[in-house]
Amino acid sequence: MLAPAMAEVVAVAAESLAGSRARAARTVLNQVVLPGEELLLPEQEDAEGPGGGGERPLRLNAGARSRVRVVCGPGLRRCGDRLLVTKCGRLRHKEPGSGSGGGVYWVDSQQKRYVPVKGDHVIGIVTAKSGDIFKVDVGGSEPASLSYLAFEGATKRNRPNVQVGDLIYGQFVVANKDMEPEMVCIDSCGRANGMGVIGHDGLLFKVTLGLIRKLLAPDCEIIQEVGKLYPLEIVFGMNGRIWVKAKTIQQTLILANILEACEHMTTDQRKQIFSRLAES
Amino acid sequence: MEGTMHADAKIRAETGTESGPRGPGCSLRHFACEQNLLSRPDGSASFMQGDTSVLVGVYGPAEVKVSKEIFNKATLEVILRPKIGLPGVAEKSREQLIRNTCEAVVLGALHPRTSITVVLQVISDAGSLLACCLNAACMALVDAGVPMRALFCGVTCTLGADGTLVLDPTAKQEKEARAVLTFALDSVEQKLLMSTTKGLYSDAELQQCLAAAQAASQHVFRFYRESLQRRYSKS
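Going down the list, the protein sequences come from chains A and B.
Under the numbering used here, the very last position in the first sequence is 280; numbers go up by exactly one each time.
Under the numbering used here, the very last position in the second sequence is 235; numbers go up by exactly one each time.
A few of these clues could be false.
Claimed, not checked - One-sided and incomplete, this derived list gives chain B residues near chain A with beta-carbon spacing under 8 Å: (1) 145; (2) 148; (3) 192; (4) 201; (5) 229.
Derived from the structure by calculation, the hints contain no laboratory data.
Note that the Cβ used here is the ideal one computed from N, Cα and C, for glycine as well.
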């Protein structure tokens with residue numbers, strides 16, 4: 001009875017030591033990481049100097065190797081020269097498209113709550129009109145402000161037709177932890193580019209943030225399959241909101257149910273459901 | 001909805017100073033954890049240790065009343081509801097202990113002027129309630145995606161009249177014990193985040209209990225890891 005117990009405890013102690021040591025980021029790619037883990041960044045030697053012929057330039061700090069510039073995405077924070085994981089999820093990496101730099105590391109986590117990020121396109125609901133700005137609920141910790149001039153072709157005399165309760169598709173121009181988020185419905189050139197007030201019919205429903213990212217990925221087949229079923233209009237907000245409109249109310253509801261269920265279905269189940277709907 | 005993760009986490013916890021186990025009762029009860037089971041909260045979890053079961057919902061970072069907002073970090077609120085009756089002073093003190101543990105671990109500086117609310121409901125109490133609440137709160141915070149600097153867990157241990165150390169006691173063992181000690185430990189270096197004790201014990205015994213709790217916390221963290229890996233492997 002004693003011997004296996006002692007062995008178990010020794011094994012546990014060894015495991016715990018291994019767990020507390022920081023691991024290299026590239027060995028943990030696409031694996032689940034937990035908050036509190038530390039990741040080591042890959043270090044890179046300097047490229048060969050212009051001396052040619054295998055000569056190495058002399059460096060004053062001969063001992064230190066230079067580090068690659070890596071972008072720290074959602075779920076990771078810098079901690080000295082390491083990355084500290086702050087959310088649970090799969091660690092992902094994207095190689096840099098061009099130029100130097102070690103690319104981007106981030107944690108793919110499943111979340112329901114949205115935190116405003118600059119540049120994100122979101123669907124908001126107008127909750128109040130006060131003076132020159134609208135207060136728009138985007139699902140974050142405070143309502144975003146939207147100026148009435150931030151619409152295409154809006155001037156002081158030509159005000160946009162926005163009422164309380166309308167749906168707005170816009171993007172954040174100011175979104176940080178210290179300030180109230182601000183959104184606009186025009187891009188940097190002054191054009192609407194699809195943003196603005198969303199039509200009165202249709203259905204708005206909420207899904208998790210991970211599902212939105214999955215649906216908006218360039219290689220996602222779900223949207224193509226859905227488009228083949230019925231003609232539809234669809235707007236995705238990065239804050240987890242989707243607005244859908246089809247010809248009849250029944251079709252709209254079917255589409256909404258399919259998109260909500262996509263999160264838990266496997267590819268085969270989804271194809272089955274689509275083929276069944278296409279027949280009927 | 002996410003599946004249940006069961007783990008048979010039976011260990012023999014050895015104290016640092018002795019070569020053999022203290023007594024026949026040094027083992028953790030069967031664990032079970034389920035995440036994302038409630039649809040309204042941003043994160044939810046249910047944690048079971050033996051017959052003790054706690055359900056937790058986390059809302060946040062959400063709007064906060066101006067009177068309660070803190071300018072440079074998130075306001076953390078904990079509400080603990082007992083199984084029967086209205087919450088009383090005991091619940092209030094447990095809420096404060098859980099709140100202090102969560103505040104040490106949650107990165108509130110990333111979400112100033114917001115509120116993170118943790119609501120715990122006791123489903124059944126069969127001993128080690130505070131430890132179960134801490135474990136469930138940690139799982140729910142992870143489910144909600146609240147940024148944390150480490151995971152934490154709770155471990156309860158009792159000292160009998162003859163000095164026997166029992167980890168994860170049942171209600172009956174807690175009643176008969178000379179002292180009941182609950183520790184909250186973090187996952188990075190098993191450092192002590194919170195401790196609450198009741199009863200009579202010497203400081204050598206305190207160190208022994210702490211060492212035993214630190215050894216037991218390894219199993220709890222391993223269970224967390226397996227549970228979360230299983231959850232993410234489904235997607």
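Taking the hints in turn, this is what the structure says about them:
Proximity of residue 145 of chain B to chain A holds as hinted, the smallest CB-CB distance being about 4 Å (cut-off 8 Å). Against a cut-off of 8 Å between C-beta atoms, the interface hint on residue 148 of chain B holds, since the closest Cβ of chain A lies about 4 Å away. At its closest, the beta carbon of residue 192 of chain B sits 15 Å from a beta carbon of chain A; the interface hint therefore is violated under the 8 Å criterion. Violation of the interface hint for residue 201 of chain B is found here, the shortest Cβ-Cβ separation to chain A being roughly 23 Å, above the 8 Å cut-off.
Hint status for residue 229 of chain B: holds, given a least beta-carbon distance of 5 Å to chain A, under 8 Å.
Hint compliance for this structure: hints 3, 4 are not met, and every other hint is.
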